[in-house]
Structures are given as C-alpha cells and as structure tokens.
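Chemist: Given chain A, work out where chains B and C should sit, using these hints.
Chains as they are written, first to last, in this note's numbering: chain A, 1 to 472; chain B, 1 to 472; chain C, 1 to 472.
The set of hints was computed from the structure by calculation and includes no laboratory data.
Note that the Cβ used here is the ideal one computed from N, Cα and C, for glycine as well.
Among the clues, some could well be false.
Part of the chain A face toward chain B, derived, beta carbon under 8 Å [what the hints assert, rightly or not]:
#, residue
1, Asp-92
2, Arg-94
3, Thr-334
4, Asp-347
5, Asn-351
6, His-377
7, Pro-379
8, Phe-409
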Amino acid sequence: MPTRATTLVHEDQLFPADPTTRGIARRLYAEVRDLPLVCPHGHTQAAWFAGNEPFPDPAKLFVQPDHYIYRMLYSQGISMEDLEIGAAQLKDPRRVWRLFAENYHLFRGTPTRMWLDYAFHELFGLEERLSATTADLYFDVISESLRSPEFLPRALYERFHVEVLATTDSPLDSLADHQAIRDSGWKARIIPTFRPDLVVDPDFPGFHENVARLGQLTGENTASWDGYLRALARRRQHFKSLGGTATDHGHPSAQTANLSRAEAQSLFEEVVTGPAGRAEASRRELFRAQMLTEMARMSLEDGLVMQIHPGSWRNHNRQLFERFGRDVGADIPTPTDYVRGLHPLLDRFGNEKNLTIILFTVDETAYGRELAPLAGHYPCLRLGPPWWFYDSPEGMLRFREYVTETAGFYNTVGFNDDTRAFLSIPARHDVARRIDCVWLARLVAEHRLDEDEAVEVARDLAYNLVRKAYKL
Amino acid sequence: MPTRATTLVHEDQLFPADPTTRGIARRLYAEVRDLPLVCPHGHTQAAWFAGNEPFPDPAKLFVQPDHYIYRMLYSQGISMEDLEIGAAQLKDPRRVWRLFAENYHLFRGTPTRMWLDYAFHELFGLEERLSATTADLYFDVISESLRSPEFLPRALYERFHVEVLATTDSPLDSLADHQAIRDSGWKARIIPTFRPDLVVDPDFPGFHENVARLGQLTGENTASWDGYLRALARRRQHFKSLGGTATDHGHPSAQTANLSRAEAQSLFEEVVTGPAGRAEASRRELFRAQMLTEMARMSLEDGLVMQIHPGSWRNHNRQLFERFGRDVGADIPTPTDYVRGLHPLLDRFGNEKNLTIILFTVDETAYGRELAPLAGHYPCLRLGPPWWFYDSPEGMLRFREYVTETAGFYNTVGFNDDTRAFLSIPARHDVARRIDCVWLARLVAEHRLDEDEAVEVARDLAYNLVRKAYKL
Amino acid sequence: MPTRATTLVHEDQLFPADPTTRGIARRLYAEVRDLPLVCPHGHTQAAWFAGNEPFPDPAKLFVQPDHYIYRMLYSQGISMEDLEIGAAQLKDPRRVWRLFAENYHLFRGTPTRMWLDYAFHELFGLEERLSATTADLYFDVISESLRSPEFLPRALYERFHVEVLATTDSPLDSLADHQAIRDSGWKARIIPTFRPDLVVDPDFPGFHENVARLGQLTGENTASWDGYLRALARRRQHFKSLGGTATDHGHPSAQTANLSRAEAQSLFEEVVTGPAGRAEASRRELFRAQMLTEMARMSLEDGLVMQIHPGSWRNHNRQLFERFGRDVGADIPTPTDYVRGLHPLLDRFGNEKNLTIILFTVDETAYGRELAPLAGHYPCLRLGPPWWFYDSPEGMLRFREYVTETAGFYNTVGFNDDTRAFLSIPARHDVARRIDCVWLARLVAEHRLDEDEAVEVARDLAYNLVRKAYKL
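The following block holds chain A by itself, in its conformation from the complex (with noise of 0.2 Å):
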C-alpha cells in the first residue's frame, strides 16, 4: 500500500473511477479548465487591490480570516484566543501555523483541506502533506513566496486569469479603494455589489444610525420613507458608476411582502423613526420582507440583479459573538420556506422579463422541492449555486442532481466563489468545473446527453451562463 501521494492534486481529482466516466470527464474538463474565472460574489477586499502590499505570513493570510478552517479547530477544543482570531497583529503567526498543521487531519474529507492543498501545491508548489512535520516546512516556504513580486494581490490577480471580480460592500461604504483601483489605469475589472443589509433590517446592530449616516451621506431625509427610499436608490447608483451590477440580500428568511405605500410608510414609521426597539419581532420581520420587494422594484428600475440569500441564523453562539463579533463561524443554516415567503414579491414582479432574481440557500431540501420548481416557471427567477456549507463536491452534485431534472441547466447561474480566502479563488472554480464535468459525464456515459452537447453546457456553465446572469 503506498503511504503518500506523490503530488497534493491529483490530474484526475474528483473524477469517478469507472474508465468510461472518467475519460469523458476529462475530455470535458480540459475544454473548460482554462478558461477565465469570472467572480460576480465574493469577500475579497477591494482595499488589497488598490494598496497591492504583500500579504503578511501564512497564518494570516489562511487561518486567521477563514473561519472554515477555525471552526473545525474550535470544535475540537481549541480556543479562538490560541488561533489569535481578531488579533490585528499575530503575536506568533508560527505557533499558529503549528497548531493548524498539527490538526490538518480534522480537515480529511471536508473541501478546505481540497482549496488548502490546491494552493499550497499550484501557487507555492509544495508537494508533501501538511502535518506537524512538514509545518514549519510549509511556514518558509510560503512566507518567502509572500515576499516576492509574484504574490502581490494584483500579480496573483492576474495569475489567476480573473476575468472580474466582485466584492461585498456596504452602502455605507464610500467606495473609495474602487475608486483608487480604476484611478490607478490598473487594467483589471473590480466591482462593487451592493449589500444594504445593515440599512434595511432593522435587528443588524446600530441599524438606526446606520439608517442616520445613509442620510448625511446622501443628502436625503431617511426619517421619511420617501427620503429613506430614495437614498437606497441614490447609493446604488453610486454602486453602478464603478461598475456594480448586482445587489445582495442576506435575511433570516425568504419572506417578502407586497403591502400598499400607506402601509408600508407607516410601518417605515413605525420600526425605523420610532422609539428604537419598540417595534416587535414581527413587524421587523415585515419591513425585512417589503424591503425585498421594494429592493426588486428598484432593481426593475436601474437593472440591478438582486441576490437573495437567506435562512442562516447568525451568531447563534453568544457568547462567541460577544467576544469576536460577526462572522467567526457561527451562523447556522435554518428551515426556509420559499414557496410561501416569496410569493408577495412574485405576485408582483414575477412575470417580469427584465428583472434578474438569484436565489441561493442553505436548506438543500428546498432544491428540488421549491426552487427548482420555482425557477422553472417564474421567468425573473434563477438560482444560484450551492452556498455556503454546500460549496463542496458532494454539494455540488447534489445541486445538479435535484434541480436539473426540473429546472434545467439553463435557469442557473454558473459558479462563485463567495469567499475571504483569495487564495482559495482557482481552486474553488476548478473543484466546480470538475464536478460539472462528472455530472455532464455521467449523463453522457449513460446516454442521456450526446458529448457535443455537454462540451457546450460545460461551457455556458463555467463561463457563458454566469456573464449572461450578472450582465458582466
């Protein structure tokens, strides 16, 4: 029995082992691998681009803001405060990296240890497994790597063949690291998305003066509704200028809601210029969900595409967040009703041909139970890919397997990457382009697809589809 791999990626990876499968995979994957990544979501920042200053070492630049790999850490024992989560500056950025290669091993199975062992062997060309063994190894050698005009945010840019880029802004955000990449003459496309999130729900902590700034930042009156309306609108065209074209939504829940202006202004009144914190849970709820539909107006408006992202709970560990804050690994995927939740919204914009709704989840059972079925009808719908914890192989099979049979393959989106971890970028776009591949190869092989055809869906899933989507 062989006791290692001899390189980290294999060429086959992820291919089935039958003969006849595999061949066609690979027939397929090579008409795709090279082409170039187009990211219209994702959680680079804008700021690294614009400032193109090395990266710092190796637990900063992969532990540190990757909280898939320090919640596995953490639910094996070991403390936030040993990873140095939310330090600024490590301390010991080595005695981290130890303690990361010590437990390499949780990750067996899981995609990270995929996009981990991706880099490490494409970028830095590392060959031998990460382990307590090889860590300070792999310490050196990145850290040297980092040094080098080869690894500056913009080289890797364009290493990687990034055809665009999206980042995740909020609307409060003045966009000025966007501005300073185009005022640069870089010739790279790096473009905002609009989230507004922290503007529109009204349980985002310091959402009432968040609501204020957006108000002084515009020059609107957001104590109204119709100033409050036309500001959201103002910014996203801010957001277009440098190049956005799309919005993103992350809620609780999928529900919207359809209510008249009178209504909607009173409820305005009621949850955002009343007394803070009087409003219940349900009228909150309730101006969530109009503002949804409202959102979807605007975007029929100044063509925007409109993400939706909902059902995880966030911060469901207190005491976590109220030591770390947001995004440290946490959030927890919800039972979400999609059926009942977006049909206000449908009710009134569903029919529409020129709007673009993208719909991801993190309840699979909703795949081929409501969204499928959904965007197999509603011509503004389409779905997005697995999000989230379903960013894997096993995710992404499933994905096709319960949504094309009714929706097809045309009413999705391509793939994104949706990440913090700039590294992880080719490898998370060549872990999907292969799983397409097996999936299309699997329907050749059984004759269900001729392999001209899956050379062209393999295409339009790995570059035509997501450009048509996001209108890039």
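Modeler: The following block gives chains B and C in isolation, referenced to the frame of chain A:
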C-alpha cells in the same frame, strides 16, 4: 470526440457505465421491457378513444398540453401567447413548433427530453436531434404520420401494448365517453377514476355550484350532510359500474380529521350550506380533512382504492391563473406533514387490512422520514411512485434509495405515468423499468440480492404490484 | 443467469462494483474487520449475561424481540396474534417461524435481510436462502445450535469479540443484574446507561409514580425541585459506580430551555407536584426542555457523556399501543429542529470543552443543514451514527455524505448497534465497517485522500473514536 449520437435512444440508456452493473441491468431489463403497460393513474381523455379522431399537428400534440414543456420555455422569457397556450385552435402550429425546437437545448438533462426523444425515435423514426435546423423536418414527418391510421388513438393504444388505462374524472362527469368506448365493442380496458376535489374542497372555484349539481345528478339533497354523503357514494358506484377501481384526492395538505357525526354535520352546515365565503380558512381545511376520512370509510365499504396526492400549492402565479386558468405549470410543491396529518384517519382505519390507501408526495424529505416508516407499519398504506417533478431518473432512484430500506419493495405499487401527453406513455414506463433495473442491478452487484430474486422483483415492480394494489 | 448465490454473505458484500474502488475498499476493510466490537449504546439485557441461560428457540430469538421484522410483516396484513407478539411463551414457535420464512421476500433490499443472513451464515452455518422451503431446516439447525454451550450468551459475547457492551437502563432499576455479572467474576465489560425518560418526561405513562419511586430509592424528597435533582444525581452516581459512562435521553423534540432557578422550581411544582394531568402540553414540553439542560449541567459535574435521541412520535398507532404496549414498531420520525431547540442549552454550556453531548436524529434533513454545522462549531457537540431506520447501508452513506464536508470525521463518534437483537450485533458492526470503507475508498479513488490516511480514518471510525467519545 463524436459530434452527435447515431441514434436518439441508445439501448443502454440510463444504465450505469460500470460494465458489471450494466451487464446485470441489461439482463434484468430484458425480462421486463416487453411486459404490457398497466396505467392506473393518468390524465388522458376518454374522448380521444371514444371519437378516435386523428391528433391535429405536432404543436397541438406535444407542446400545448404539456406543462412540463411550456413552463420551461416560459421560465426563459418566452410568452404564453407566442406558444398559443390556451388557444382552442392554433393559428400557426409550425411557428410554435419552431419556437420549441429552437429552445430544445433548455431541456438538456431533464426527463422531458428523454420522453420526447423516445417518442420522436420510436414512433416517428426520427434520428437527428431536434433543433432549429431540424424543426421543419420534424414538423413534416410528424404531421404526415398523424394522418395515417396507425396514429389514431386506438391504434396507438394497441401499439403501446396497454393492458389497462385509467383516466381521471370529475364526479359531475356523466362518463358518456367511457360508456361510448364500451358500447363500441372495442376490446380495450379504459376505466374512470373518481376525483372529487371540486365537490369536497371549499376553495375549489365553483364549489357551491358543483355541490348543487351533484345533488341534481343523483337526486339527493346535497344541502344536507347525509344527502351529500349519499350523493358521493352513488357517484362512486357509477364509476365502479364503468370499471373504476380507484379514487384520487388532490389536497393542499395531508391533513385528515376524525370528527364525531355531530361535529361533521355542523362543520358541513358552516362550510357548505352557510353563506359562501364566510367560513374561515382553518374550517375549510378541516372540512377537506374530514372528507378524506369519509372517503376512506366509503372505500372500506365499496372497495375502491384511495389515492392521496397532497402538498401542491396550486396556481402559485396569480396573474397567469387569471389569464390562462388552472394547470399551466405554476403549481409548486410545499413541505408536507404526513405523520401528524394522517394520524386522525389512521387512528380510525389504519389497521384495516381491507383498505388500500396509496400515498404520493411532492416533498421528497418525507420518503425516508415519514412515508416509508408509515407504510412499513400500517397495513392499509402503500406508497405511490415518484410523482410530478420527481418522475425522473434521479427522482426514481431517490425513491428506491429512501424507501426500500424501511418499507421494502412490497409496500410500493409499481409505476404510473400520470400524464396528459399520451405519446409519452411508453417512454415513461420505459424509463421507470430501466431505473428499477438499475437499482436492482446495484443490489446484485454489491451482493445484497441474488439475481434470481432481482428478476422476480423487477417483474413485480413493472407489472404485478400495480395490478394487485389497484385491484386490476 | 445464476439462480442463486453460492453463499449467503459474499466477501465483497456492499463494495462498489467498480474494480478500482472495490480494490481499495477491500484493503481498507482488511485493516478493520477484526477489530474488537465497542458497543456503547444498545438494548440487550444484562439479565441474559447474569443468568447465562440458553436462548429458547428461533422465533423467540429472532422474530419476537425485533420490531424491524414484525412491523414489516404487520404492514403486509399479518396479524400480531399470528406472530405471537407479546406472548411470554410462544405456543407454536415453529408456526411463527414458518410464517416469517414464507414472507422473507418482503425484506429484500432492507438491512434486516443483511443482518439476518449474516447471522444465519456466520453463526449457524446455513447456506441456502430462508424461504418456505427451507423454513424447517432453519428452525431445526438453529434450535439445535441454541442448545449447545457455544450459544450461551456469555460464549456468544466472547465469540463476537465484544470489548465493551452498554445496556440502557431505567434510573429505577437496581442494576442487580449488572452487579451479578461483576460478582460472578466473569471478565467482560457490560455497563449500564442512565436513561431517565420515565422520571423526566411528564407524558411518560406512570410518570408521577415513577418520581415517587425515585424518592424512595434514594431517600430524597422528590416532591421538591432540589430533592428531585439530588435524587437524579445520586442515581447517576450509582450508574457510574457500576461502570456507566453515559446517559441517554429520548425526547419527542430537541427543545431545551434555560430557565432561572425560580422559574424551574415553579415549573416543577406545576408539572410534577401539581394535580396530575393539569399542566398544559406546552408546559410539559418546557419541563422536558429544562431537564435536558439540567442533565447537561450534571454531566459537566459528574463527567457522564450525554446522548440525545429526539424526534420520534412514539406509539403512533393507538390501537396497537392499547393492546401490545410500547416499542411495537409504531414509532414514526418527525421533523426535528435542532438549531432553535438546542439554542438555550448551547447558550449556557455550548462552549464547554469538558462536556460531551452526542446528537442523534431521525430527520435526515438535519444532517447537512443543522447537525454538521452545529457539531462543526460547538466544542461540546458530537454526532452519533445513523439511528434507527437509517442504520442501513444507504443511511450510513448519506450520513457520511452530508456530514463529512462540514464536520469532518472527527466530530463523529463511530458506530453503535442500538439493538435488542443480540445476534445481529456482529452483522451490524460489519455493515458499518464495510460502508465506512466504501466511503473512504471513493475518496481515495477520486484522489481526495491518500490511502494511508484512509486506513487511519477507517480504524478511527471502527474503534478509536467511539472509545474516546464515550470515555471507554
């Protein structure tokens, strides 16, 4: 790389690529491929066989009645008007056909594509893929065929090797077409199925008028609870007299009730004879719930097999409903609770060996969690095959995967095609037979079942179980 | 075509047909097949090992205690009376056995069939399939074997290579049988598990009497909140003193609560010492919820591992319950909400590294959506293996598929057999080991894991993780 398959339907279609498993699947399939078709549940029209008129043209035959087809086209921005949906006579069938053909790539990976290719190839001898290029060829070949005697409804019925075909009919239907078929002396078994939704669901459009008509038709006073029940029992007898063996119930939920006689009577007076539109939604739901239990009671008395199809949100797209009516591809599945919902009915009749209730679902999460455990225990329960959106290769495999481990094969009832598209019937049965052979071949290949047993099961699933369950 | 397999259990059973993957699976399985059995959760009786009496006959041994078997027979119209379910002594065991044998085809494709064939073949040397024809042969061979010393409970325990076997016991049990085993000097590790449902669930039949008996047994005043809690803590100590390392909690839901001391005391007075049957359902549910949190607190104090088995609707078939009592195959899974339900408990103890809570589910939709995200974050949580209906090859593969990507392998705790059927124990572990090897073989074949890592994981899943999680 081949540019296209040499035939539309490959003899190994749907069989796994692994040679061992494929070999077993082929042998099993050879044992069932030519068994007669038993069709206990569907939506063909008795009038077709009574009149035996030629089908008009390809668009009218394939596109217009098949909401699987036009919901997909509609989802991609093609209008119902352009497809002439709802028109009694098509103004320009060739134009509709071309529109469909140009967009045939949308169906890649869907079962609709497989059913269509099967019909194009097996019935019309077409060998090239449907596309913009071949649209006219297809239109002409199919049009010409439809004018020949071999393509009349009765000839196709015989060619398809149908042993029995059940239609789905309103209790207000005189069943004159069924009578006419019998009177014609044609030796075919076409039987009605009693589908009383429009007289038991207070939310059905025209419900009150329907109940009144039920009274006129039977000479019973349907303004009284007893008269209403007697009228339903009489119509069930009429269906039986024309060969019917089953009823079918399409409810929004699986809720049942077990009210006392007095409670039921009072509920009837409130919901049915009280002022129209006054009863609250929860009371109308309770009335539907109680009626399922009343229907089970009647089934125990008259021997009709009871089918329950719950969980679909009908006419989710209000605008389309207002313009085009029911059944236009805008029904969407919802989560369905069987364990709580069926409890009242099962509490009363669950242990009856002489009652057969066949359960269907559009919520696949219920397969393993609720339906298999229920059917693997209660003697009156059996599980219907994958329904509607899940009548697909993947859907059928999931059904076997989730159900067999707990309920075995013998608490299921074989396949039904559930279709309005008469020409898709052989294709649908063929897919079902292939997939069951795939599932069984895997069990044999993994040494979990002997091949002689698998042959027996394959024949039971294709032919024997459905005849037994539906008392055919 | 072969008419039947030459042996009941093939050496490659459950391994995929693809030769590459099968080869890897074989190599992995060779590394784990002979490891000792660790059985941390089950329903065998300590009395069997204390008394070491021969098992009576095949029907009493296989059919009567196994609700997997007779629920299937019952679902097909065979009466409980004909199977002599509930009889202390069987009147005609051979007749019961024949009835079972004639219907053995009902179990095709189920895990029960695999477990039985394994026992028939491995323990009794039977080679032909069980059927009407071989019923008497089986009965005679098994009956004769059961009279030999090698088939006494203690001899089987040793033959099975069991390292530790946990029973499940009431807090009102004196554990005299466990004491007797210890006193006998027999070198086996059979340990009790503390299962307090009958004294913490107000809906348990006899609840109030049980609480009173708990008081008598411990000398505590269980009519007071403090005395009741002290009595429970004392019984936990008693279980520990006889080797127990775990508790088990079978609740209708996963709801927990985190009440103040005063609220809890007042709830106790209302539900436990108040007039029987007066407290509302929601208050009884709240009491169960609070008791889970109290048990977690005690686990933190005394170190017992806490198992939570929620979500089963017990005794769904009222008629059968009234005639035959509990545990007769009529418990049905229900949708279970872990994210909201566990929040109060996790809010209090979720970050404790010295607490271990093992979660089980009969709602598989929770695997990927709730359980893996929770266990992949909270240090106190681990995931138990597939439970009850899902303790099947497909169920085990789904568990790995849905859980590994988010929680990895090391937040799971290996296998437990959870059975009343002592003779099925080796078969169940064998199936689990094979399936884990199948899952790992696929990862290796697809170049996602090196084979040396897979060997390590296979051994961890079969042996190391369960010992660590249960502190054995």
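Chemist: All hints, please: hold or fail.
Modeler: Here is how each hint holds up against the structure:
Because the beta carbon of Asp-92(A) sits about 47 Å from the nearest beta carbon in chain B, more than 8 Å, this interface hint is broken. Because the beta carbon of Arg-94(A) sits about 47 Å from the nearest beta carbon in chain B, more than 8 Å, this interface hint is broken. Against a cut-off of 8 Å between C-beta atoms, the interface hint on Thr-334(A) is violated, since the closest Cβ of chain B lies about 13 Å away. Taking 8 Å as the C-beta contact cut-off toward chain B, the hint placing Asp-347(A) at the interface holds, the least distance being around 6 Å.
Residue-level restraint check for Asn-351(A) holds (minimum Cβ-Cβ distance to chain B is 6 Å; threshold 8 Å). Taken as an interface hint, His-377(A) checks out: its beta carbon lies about 5 Å from the nearest beta carbon of chain B, inside 8 Å. Because the closest C-beta pair between Pro-379(A) and chain B is about 5 Å apart, less than 8 Å, the hint holds. Satisfaction of the interface hint for Phe-409(A) is found here, the shortest Cβ-Cβ separation to chain B being roughly 6 Å, below the 8 Å cut-off.
Violated hints, listed in ascending order, are 1, 2 and 3; each of the other numbered hints is respected by the structure.
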